[in-house]
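Asks: Take a look at the letters that make up each chain.
Number of protein chains: 2
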Amino acid sequence: MVYIMKININKNYLNLKESYLFSDINKKVKAYKELNPNADIIRLGIGDVTRPLPKVISDAMSKASLDMSEKDTFKGYPPEFGYDFLRERIKSYYERYNVSLNLNDIFVSDGAKSDIGNLLDIFGNNTILIPDPVYPVYVDTNIMKNNNVIFINGNKENKFLPLPDDSLENKPYIIYICSPNNPTGAAYNYKELALWVSFAKKTGSLIIYDAAYEAFIQSSDIPHSIYEIEGGKDVAIEVCSFSKFAGFTGIRCGYTVVPSNIEVDGVYLNKLWGRRQSTKFNGVSYITQAGAYACLSDEGILECKKNLSYYMENAKLLKDFFLEKGLWFTGGISSPYIWLECPNGMSSWEFFQFLLEKCNVVGTPGAGFGKNGEGFFRITSFGTHEATKEAIERMKKVL
Amino acid sequence: MVYIMKININKNYLNLKESYLFSDINKKVKAYKELNPNADIIRLGIGDVTRPLPKVISDAMSKASLDMSEKDTFKGYPPEFGYDFLRERIKSYYERYNVSLNLNDIFVSDGAKSDIGNLLDIFGNNTILIPDPVYPVYVDTNIMKNNNVIFINGNKENKFLPLPDDSLENKPYIIYICSPNNPTGAAYNYKELALWVSFAKKTGSLIIYDAAYEAFIQSSDIPHSIYEIEGGKDVAIEVCSFSKFAGFTGIRCGYTVVPSNIEVDGVYLNKLWGRRQSTKFNGVSYITQAGAYACLSDEGILECKKNLSYYMENAKLLKDFFLEKGLWFTGGISSPYIWLECPNGMSSWEFFQFLLEKCNVVGTPGAGFGKNGEGFFRITSFGTHEATKEAIERMKKVL
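In order, the protein sequences belong to chains A and V.
Under my numbering, the residue at position 202 of the first sequence is numbered 184, and the numbers go up by one with no gaps.
Under my numbering, the residue at position 6 of the second sequence is numbered -12, and the numbers go up by one with no gaps.
Hints may be right or wrong, so weigh each one.
[Said to hold, decoys possible] Straight-line distance between alpha carbons at most 20 Å, and here's what the computed SDA-like set of lysine to any residue pairs gives:
| # | chain 1 | residue 1 | chain 2 | residue 2 |
| --- | --- | --- | --- | --- |
| 1 | V | K127 | A | R257 |
| 2 | A | K253 | V | N(-3) |
| 3 | V | K(-1) | A | N(-10) |
| 4 | V | K127 | A | K45 |
| 5 | A | K37 | V | D30 |
| 6 | V | K37 | A | F56 |
| 7 | V | K(-1) | A | K153 |
| 8 | A | K253 | V | Y2 |
| 9 | A | K57 | V | Y292 |
| 10 | V | K127 | A | N(-10) |
| 11 | A | K(-7) | V | N(-8) |
| 12 | A | K253 | V | M(-17) |
| 13 | A | K253 | V | L(-2) |
| 14 | A | K(-1) | V | V249 |
| 15 | A | K127 | V | S260 |
| 16 | A | K153 | V | E52 |
| 17 | A | K53 | V | D30 |
[What the hints assert, rightly or not] If you want the footprint, here are the derived chain A segments under chain V, 3+ residues with CB under 8 Å:
| # | segment |
| --- | --- |
| 18 | -8 to 3 |
| 19 | 32 to 42 |
| 20 | 98 to 104 |
| 21 | 186 to 196 |
| 22 | 294 to 306 |
Because the hints were derived from the structure by calculation, they are not lab data.
Using N, Cα and C, we set each Cβ at its ideal position, and we do this for glycine too.
All chains, please: the whole structure from these sequences, using the hints.
Replies: In structure tokens form, the structure reads like this:
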């Protein structure tokens, strides 16, 4: 029986829109399958990795698991901000891109999504700049806090890489940047990202830089970290993850870098985040961290890159096909995502239905990522070679 | 160089008091060791487990680790609220205490501390009842939200088990109850806990029930879950953990039960927490959940109970010794903690220094857990048998 309680809830939650994107997709696929039970559906909508982990990583986690039942190697509470053995490796990883971090700037966590959500905890209300289309978590976490969100328009003209312009007031913002981007696959080059850093400096703003897809970068013109940009450490928190780089979506490990030199209201941002994490978080499993450590060994990096190459071969096949067909898209070069303009002026959902019915191929309607996503479509390279090739063969006949 | 940013921080963080409890303890121990380099210090202050995991659990995690590098058993993103295989086992575990849960009421997480911290996210500002002395996380997370905190006094008279009384206004509160308690080791019996449930019903309040130490309960008079109390499901969210039960402090797994029948402001609390978790959390590692699943197998429970018995043998030795000495204390029966009144009217820190100097034994001054902790001292049973016996021998000579 329903029981009614009288305490106050966070009423901002009532302003959240339910996202039906993936459930709507599943409903439509299900309805189609009921009418066409023999259809061989190929899913290119999936944003999750599919390649098994390199053996060097699973072996490390297996050993760490067994260590936990031995008296001499058992581990209790992990350090709240991560084992130094892992933080050292993350620091070394950044040195590949000539970025030098302090160990104390690195906070290991259970994933980028948690950190992106929890970061707002340390801030008061602010005006927020978020690109549209976008990963829905940026928007929803700000609605939960009743922040004023201003969308910056990604579109065909700016190749879905919006830059700061004169329409923005000269005042401090929290700015979300995801590059290489989910869902558009577009990535800022050095010069473009430097414009955002300089805008943040001019306005006293903070950039929350989501680098979850950095490992897919193939062009030397694209920065892996915002700290490669001069002044980046003055304006940006960087959130990164082992999810896509190492196939860790099921393992849960990420990290956030909060440079120790940033001061706000007389408080260091790094201390503030440390206080949040030590109060509301208790660190990451030793086993997980042993796995992440193995990812960042020489062998681990080599093996992870083989998996990334597998996905990027799919991306290349898709990209070459869309180029051949003269379709407009972003991504597919330094990203597992291809963001395709729907052909013949179709809407996102019309093209979804078209691909489903004509090719039995399922992708993600761009309209689900914001109003500027209408008329676009996300296709991913996380399938198998075989499925990707077959999907292309089928699309060849109708596009 | 320091860079000053202009965005707004959460100013409530400035009202947090730095806790120096454990760093002060370490400083004093270090200073003593410098003067007495040969002293053989025994630490009975530690709140972390020390027994290695049962083999059945580490084997399960080792196997799950290896599964992640096989094509057919690789797992991507886990379900956000936990794998059903684990939720089923948790549901069965509750059935031992005649509590029937819906699977959808169980949210698996990376630990009780995260959930306790994050739960406040779904609430607006409320008046909060927190016992004193207390686990500092309850207080700090409410300071971060600028909630009005009213302390309810635990003391020798109520055996550190405060009950609702007429001094409390008839209005809705969020009430924190931890039973068996950290730091006092005291546990509410059925009758006492029913008084809190009935107070919550009368006032429209919510109880956040921290059951992290339930597995230590040895008396049939003490409930393992607040849902054993009639009406408990109308008023309480229960947070629990594998940390102490299974020695999972280094593995990170807990769960929170939000009954699906509780409605606030026209919204189901269960949906609200689901929305929080699906937006700011991405589930728990498959390997961890495979380990937790093994904990709750018949063999796992048996093996975990052996470790708990080991600790409880220490508790019994300590308890019998303090009884023999005529000292007043709570805990040590259904809890790994003994909460001792300092002898001869000593303050918490005086007794700390006394034990350090006379016995080379380190415990935790009660004053660190709130003003009502002054004059009390926490001793834990998480050491080895040998160390615990030796500490008792030494204390025998001076107490």
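Asks: Indicate, hint by hint, whether the structure satisfies it.
Replies: Outcome of the hint check:
| no. | hint | verdict |
| --- | --- | --- |
| 1 | K127/V to R257/A | holds (14 Å) |
| 2 | K253/A to N(-3)/V | holds (14 Å) |
| 3 | K(-1)/V to N(-10)/A | violated (26 Å) |
| 4 | K127/V to K45/A | violated (42 Å) |
| 5 | K37/A to D30/V | violated (32 Å) |
| 6 | K37/V to F56/A | holds (12 Å) |
| 7 | K(-1)/V to K153/A | violated (32 Å) |
| 8 | K253/A to Y2/V | holds (15 Å) |
| 9 | K57/A to Y292/V | holds (18 Å) |
| 10 | K127/V to N(-10)/A | holds (13 Å) |
| 11 | K(-7)/A to N(-8)/V | holds (19 Å) |
| 12 | K253/A to M(-17)/V | holds (16 Å) |
| 13 | K253/A to L(-2)/V | holds (12 Å) |
| 14 | K(-1)/A to V249/V | holds (14 Å) |
| 15 | K127/A to S260/V | holds (16 Å) |
| 16 | K153/A to E52/V | violated (52 Å) |
| 17 | K53/A to D30/V | holds (14 Å) |
| 18 | -8 to 3 | holds (count 5) |
| 19 | 32 to 42 | holds (count 9) |
| 20 | 98 to 104 | holds (count 5) |
| 21 | 186 to 196 | holds (count 3) |
| 22 | 294 to 306 | violated (count 0) |
When held up to the earlier numbered hints, the structure conflicts with 3, 4, 5, 7, 16 and 22 and fits the remainder.
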